[in-house]
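J.: For reference, the chains in residue letters:
Protein chains: 2
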Amino acid sequence: MIKYKPAIVVVSAASGTGKTTVINRILEIEHGLFYSVSATTRPKRPNEKNGKDYIFIKRDTFKKWIKEHKLLEWAEVYGEYYGTPKEPIEKALSLGQSVIADLDVNGMKEIKKHYSEDAVSVFLFPPDFDTLIERLKNRGTETESQLKIRIERLKHELANAPLYDYWVLNDSVEHAARRILSILHSMESLSSRLSPFKIHL
Amino acid sequence: MIKYKPAIVVVSAASGTGKTTVINRILEIEHGLFYSVSATTRPKRPNEKNGKDYIFIKRDTFKKWIKEHKLLEWAEVYGEYYGTPKEPIEKALSLGQSVIADLDVNGMKEIKKHYSEDAVSVFLFPPDFDTLIERLKNRGTETESQLKIRIERLKHELANAPLYDYWVLNDSVEHAARRILSILHSMESLSSRLSPFKIHL
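Chains as they are written, first to last, in our numbering: chain F, 1 to 201; chain S, 1 to 201.
Derived by calculation from the structure, the hints in this document are not laboratory data.
Quantities reported herein were computed from a predicted structural model and do not represent experimental measurements.
Be a bit skeptical, because a hint or two may be false.
Dumping the calculated BS3-like pairs for lysine-lysine here, alpha-carbon to alpha-carbon at most 25 Å [said to hold, decoys possible]:
no., chain 1, residue 1, chain 2, residue 2
1, S, LYS113, S, LYS49
2, S, LYS109, F, LYS19
3, S, LYS5, S, LYS137
4, S, LYS44, S, LYS58
5, F, LYS198, S, LYS91
6, S, LYS44, F, LYS3
7, S, LYS58, F, LYS198
8, S, LYS19, F, LYS3
9, F, LYS198, S, LYS44
10, F, LYS148, F, LYS198
11, S, LYS198, F, LYS109
12, S, LYS198, F, LYS198
13, F, LYS155, S, LYS198
14, S, LYS19, F, LYS5
15, F, LYS148, S, LYS198
16, F, LYS64, F, LYS19
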């Protein structure tokens, strides 16, 4: 009768918001969802798994991928490359799988530009600012001036929130995960995205 | 930090889709949700409860309510009046409660006009046309020509689906209820509807 259409949800957050935990919970709840793994040239850390946390590739490969338009978006951060491979997302969508991507504001903008009506953006907010500051302090490595720099960066990151379609509060991992899934499911049901139905009566 | 904003979801469906069962399930899942009870002048049936199924009122009262702008929308169907009282919806919204309303296409249009950015419309589809026809036949009261009339009406009702923001398939009561709730929750999180957040850092 009608068929839902897979969609892409891009999630961003300020550092210390707990985004990774929320995304992991989303993937636990929704088995059919495809997580877009970023490619990077930075060295793998001991706790990371290639293909799960990142696709770790050499600089030459990365540059080749850029040239061959294999990346939907990419950026250089502190001298290392990060990017979103196109083919896995295209494949997931063609199989009817929705996609979740964990990107910064520039990545979000590129995905929204490329997929326009198929992509939706979510900014995840920390439960409150005190918790956020507390988390930064508890990292223990911060001097007073380092903390100041981090707080400035936080303000900068939060200032991007108005660019996102939806706002979700990370008051609990479960609440935030369910609400992001709700946003994705609503996109899958948006009538303007769906094929016209046929009446056989 | 941020606060979700209550929204109104209007649900319509072709006759025989199972809309009432789905809405009852939604109200079971989401206790905080307010169900907009329609007012009517038609006589109460034995299995109906005043204030729950309908608000049963006299014709004079209904006409007074129209004059006093107490109804968000109203219509006359087969000589009886039906309408949506405004005050209970306004009260629910002001208390932070989202609202679900079960209306036909004209009621939906009026609610969307009145609440513009706060209302969202959902058209619920039957699982398939065979089931729908089967249900009509099983009512037993249908002659061949009555069935033809009902099928024409169905076609007419289904033709309104493109006017709705979202399409939901009633493949199972649980699936349909959860998806309508997802649409409501996404509306509550739509950034363009929310108050700007303040950064206290």
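J.: For every hint, state whether the structure bears it out.
T.: Evaluated hints:
1. Taking the CA atoms of LYS113 (chain S) and LYS49 (chain S), the gap is about 30 Å. The hint is violated against a cut of 25 Å.
2. Simply put, LYS109 (chain S) and LYS19 (chain F) have alpha-carbon atoms about 39 Å apart, too far for the 25 Å limit, and the pair is violated.
3. With a C-alpha separation of about 44 Å, the suggested pairing of LYS5 (chain S) with LYS137 (chain S) is violated against the 25 Å cut-off.
4. Restraint check for LYS44 (chain S) and LYS58 (chain S): the C-alpha separation of about 11 Å stays at or below 25 Å, so the hint holds.
5. Restraint check for LYS198 (chain F) and LYS91 (chain S): the C-alpha separation of about 40 Å exceeds 25 Å, so the hint is violated.
6. Taking the CA atoms of LYS44 (chain S) and LYS3 (chain F), the gap is about 39 Å. The hint is violated against a cut of 25 Å.
7. Under the criterion of a C-alpha separation no larger than 25 Å, the hint pairing LYS58 (chain S) with LYS198 (chain F) is inconsistent with the structure, at around 42 Å.
8. For the hint linking LYS19 (chain S) to LYS3 (chain F), the alpha-carbon distance of about 19 Å falls within 25 Å, and the restraint holds.
9. Taken as a hint, the LYS198 (chain F) and LYS44 (chain S) pair is broken in the structure, with Cα atoms around 37 Å apart against an allowance of 25 Å.
10. Among the hinted pairs, LYS148 (chain F) with LYS198 (chain F) is inconsistent with the structure: their alpha-carbon atoms are about 60 Å apart, more than 25 Å.
11. Pair hint LYS198 (chain S) plus LYS109 (chain F) holds up; C-alpha atoms about 23 Å apart against a cutoff of 25 Å.
12. Taken as a hint, the LYS198 (chain S) and LYS198 (chain F) pair is broken in the structure, with Cα atoms around 48 Å apart against an allowance of 25 Å.
13. Straight-line distance between C-alpha atoms of LYS155 (chain F) and LYS198 (chain S) comes to about 10 Å, which keeps the hinted pair within the 25 Å bound.
14. Only pairs whose Cα atoms come within 25 Å are accepted, and LYS19 (chain S) paired with LYS5 (chain F) is accepted, the gap being roughly 22 Å.
15. Between the alpha carbons of LYS148 (chain F) and LYS198 (chain S) the distance comes to roughly 19 Å, so the proposed pair stays at or under 25 Å and holds.
16. Proximity of LYS64 (chain F) to LYS19 (chain F) is assessed by CA-CA distance (about 31 Å); at most 25 Å being required, the pair is judged violated.
Of the numbered hints stated above, those contradicted by the structure are hints 1, 2, 3, 5, 6, 7, 9, 10, 12, 16, listed in ascending order.
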